[in-house]
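Enquirer: From first to last, the protein sequence lines are chains A and B.
Mind the numbering: the first sequence is residues 1 to 459 in my numbering, read in order.
Mind the numbering: the second sequence is residues 1 to 459 in my numbering, read in order.
Just so you know, the hints here were simulated from the structure itself, not pulled from any lab data.
Take every hint as true, because none was put in to throw you off.
Per label pair, the in silico range of CB-to-CB distance:
#: 1; chain 1: A; residue 1: THR411; chain 2: B; residue 2: PRO239; range: 44 to 54 Å
#: 2; chain 1: B; residue 1: SER231; chain 2: A; residue 2: LYS289; range: 45 to 55 Å
#: 3; chain 1: A; residue 1: GLY253; chain 2: B; residue 2: ARG230; range: 35 to 45 Å
#: 4; chain 1: B; residue 1: GLU252; chain 2: A; residue 2: GLY261; range: 40 to 50 Å
#: 5; chain 1: A; residue 1: ARG122; chain 2: B; residue 2: ARG350; range: 26 to 36 Å
Built from N, CA and C at the ideal position, the CB exists for glycine as well.
Number of protein chains: 2
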Amino acid sequence: MKNKRVAIIGAGPSGLAQLRAFEALEKNGVQVPEIVCFEKQENWGGMWNYSWRTGVGRYGEPVHGSMYKYLWSNGPKECLEFSDYSFDEHFKKPISSYPPRPVLFDYIEGRIKKSNAKKYIRFNTTARWVDYNNANQKFTLVLDNLKENRTYSEEFDYLVVASGHFSTPNMPYFKGIEDFPGGVMHAHDFRGADQFKNQNLLLIGSSYSAEDIGVQCYKHGAKSVTLSYRSNPIGVEWPDGIKEVPLLTHFEGDIAHFADGTSEKFDAVVMCTGYQHKFPFLPDELRLKTKNNLYPDQVYKGIFFNELPQLIYLGMQDQYYTFNMFDAQAWVARDFMMEELVLPEKDQRRKDMDDWLKRLNNLDGCYDAVDFQSDYIKDLLSLSDYPDFNVDKVAEMFKEWLGDKEENILTYRDKTFTSVVTGTKAEEHHTEWMEELDDSKERYLAFQDEVEIELEKAE
Amino acid sequence: MKNKRVAIIGAGPSGLAQLRAFEALEKNGVQVPEIVCFEKQENWGGMWNYSWRTGVGRYGEPVHGSMYKYLWSNGPKECLEFSDYSFDEHFKKPISSYPPRPVLFDYIEGRIKKSNAKKYIRFNTTARWVDYNNANQKFTLVLDNLKENRTYSEEFDYLVVASGHFSTPNMPYFKGIEDFPGGVMHAHDFRGADQFKNQNLLLIGSSYSAEDIGVQCYKHGAKSVTLSYRSNPIGVEWPDGIKEVPLLTHFEGDIAHFADGTSEKFDAVVMCTGYQHKFPFLPDELRLKTKNNLYPDQVYKGIFFNELPQLIYLGMQDQYYTFNMFDAQAWVARDFMMEELVLPEKDQRRKDMDDWLKRLNNLDGCYDAVDFQSDYIKDLLSLSDYPDFNVDKVAEMFKEWLGDKEENILTYRDKTFTSVVTGTKAEEHHTEWMEELDDSKERYLAFQDEVEIELEKAE
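This is chain A alone, in the form it adopts within the complex (with noise of 0.2 Å):
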């Protein structure tokens, strides 16, 4: 292990699980490789960092947040818990099943921030470029000290991206687009629902994106929201005020044509169009291309670039599972790192990833791609010391979860779950998710008698 170099790309939950499971061994006294966290923005949490700025942050570079104001979890809390630091360690009390932004924010730093991580990321810092030498077997990085404007390189042995994938919008165009006098963005670029209140809003896609920013606009206000879908619609049962409408064909002026002959005036479009695989600092025969599915190809257990497994990709799959399955793949990658886990040759690995693909090309709906990435999971837990947990009893979670959204998308968010970690059944929040308009983690955390003494009071 002595002078091994492990470079992670990205301080956000894939990144800081890679951190945590290398700390869990040194914990246990064994010596860890060198590692170096990269990370783009001024602080950690990836995705969980919500920024107010959109198109390019402070020193110019794409910003990676395609968070928002007002984002509750839209899946339950108890599918995405940390099977070795549980809601419980860390509020000390019950909380609801579906908390805010802040609150998931303050979750992810709480492990963290438990251990002396902070000193192995270098925050303001992206990779401009990677080189491998076939030769020595290692990785160039071309790093970029933003705040600094001020460039080096560095050599690795391994390279972990865990970059994310939600960060780079993809953006069709639509015939007239150019000529639509209302304001145009990407959902990656949406900070709210405020700035579209009593406007008429255009949502294209059909992807959590557009369900969760439909439901946000129309719980803070927007005069409707209309989705349009390419494929299939949504299909909830949608309240008054919200409907779907089949594909946009184009603009004519602030009108929007539908693929059905129907038309109508908007005042803003957001596209929920999706997002890219984008790695501009990977040379293009070590990227992972891909669109976004349960199994990219090219990567062994998900994780292990097939043609040089030294580099390895956390987190790149479509996810149900997610802070969990990040911390799944990273105690396995630790394992490959510290060589106590050793691969099968590259056709065995290329035999396996087949298998995983056959069964990904026959899947039969929702339920079933849920039992797809349990087995994955359940795969990758049996290759490392990542606590076990229930992974059926999750999946049983998920699949409750996607009948309750389609039984009411409005008041999904006000079920509980029991933690599969603790046995911990969750709070009902004080206040009905569509009468919350606060997202605070302060009110959050609020009991529900200090949030009647402050109603009292404010009367």
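Using the hints provided, position chain B relative to the given structure of chain A.
Expert: Positioned in the frame of chain A, the structure of chain B alone reads:
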């Protein structure tokens, strides 16, 4: 010259000037080096190539353009005319002195279309990284073909950086901005006034952007426009509906507070807070590090990187002169690359730069600044065979323009000037600028009588 290779980064006015400069020689039968021009966008024209996109482009690269709808030249076209390709030659008839964006784009394109320069340009290609090798004195460029998602490297003897400096926003933080409920954008992402109709708009800054976006929004129906300046107001006589206030100190919700203790409620904020010189593809020791000023340090004659003159920067100055200055620079750069122009030694170059910088530091107001840049242009013109033009007369026009703006910021674009290239007096535009809401080339070029016929038809 044989076997020498020149890389040009950017096919905007500066990069195209460089191509045109070599082409002028080639037409005379001179053998020129092998030239490759790399352009990130799908088309040439740089800043003048309008895109509806904001943030990042189709392939996830930061959008180059800061261009918006209804942008009309904010200086007389007679001050930027190519001296080897007149407006008369292009349009075959006199036009007004302040054309809109599509008309200027047409003009830029007109000259370059006459050549076969397109064959030198690799579109949709960005420069990822540059290494300079002292041993063989060559630049290695890592290029990224965005459309094909393919990277490759090539070696060059000269590197011409013509990537502009009005692309990377400078966006300061103001306390409370993260809670401002309305839209917040940088001028770089402004695409036209329409979305601000009937809104109370706050513009931060007192640059050309603030002035021009403010007047456009006023013209196109904003309820009110407030410009907040840092040190000095623009100070012209504003119409009712536009005003200047001191520096923004902070936001409380949708209320902006200013340094004079006043405060006001706004619907949206546009930061006209300038741009950064940004060269992410260059190692920092080759980066031009400068604020926007009329004579950036580090570059001899405003173009040759003093530490390494084979590295050439075009158009990196703050600009009164534009297209004709880029030309004058490109012709000088060409002669150096052709080994027709020999540069003095490094310390002599340093002394020359210091002399200019000394003068720069003692400039007294904008009339003096015009003279400064005029003298810089004359210096360049003395060094190459770029067709001479009457710089003193152009300087006079700039001064007249400054006075016109001070006299009436809403009508200065109705004035006309006389070309120093052809002696042609500009036509008055068929419609007063404040009444002209259509910036299309078709309408602009229509004869007065055609417009009248159209108007009659519409009635």
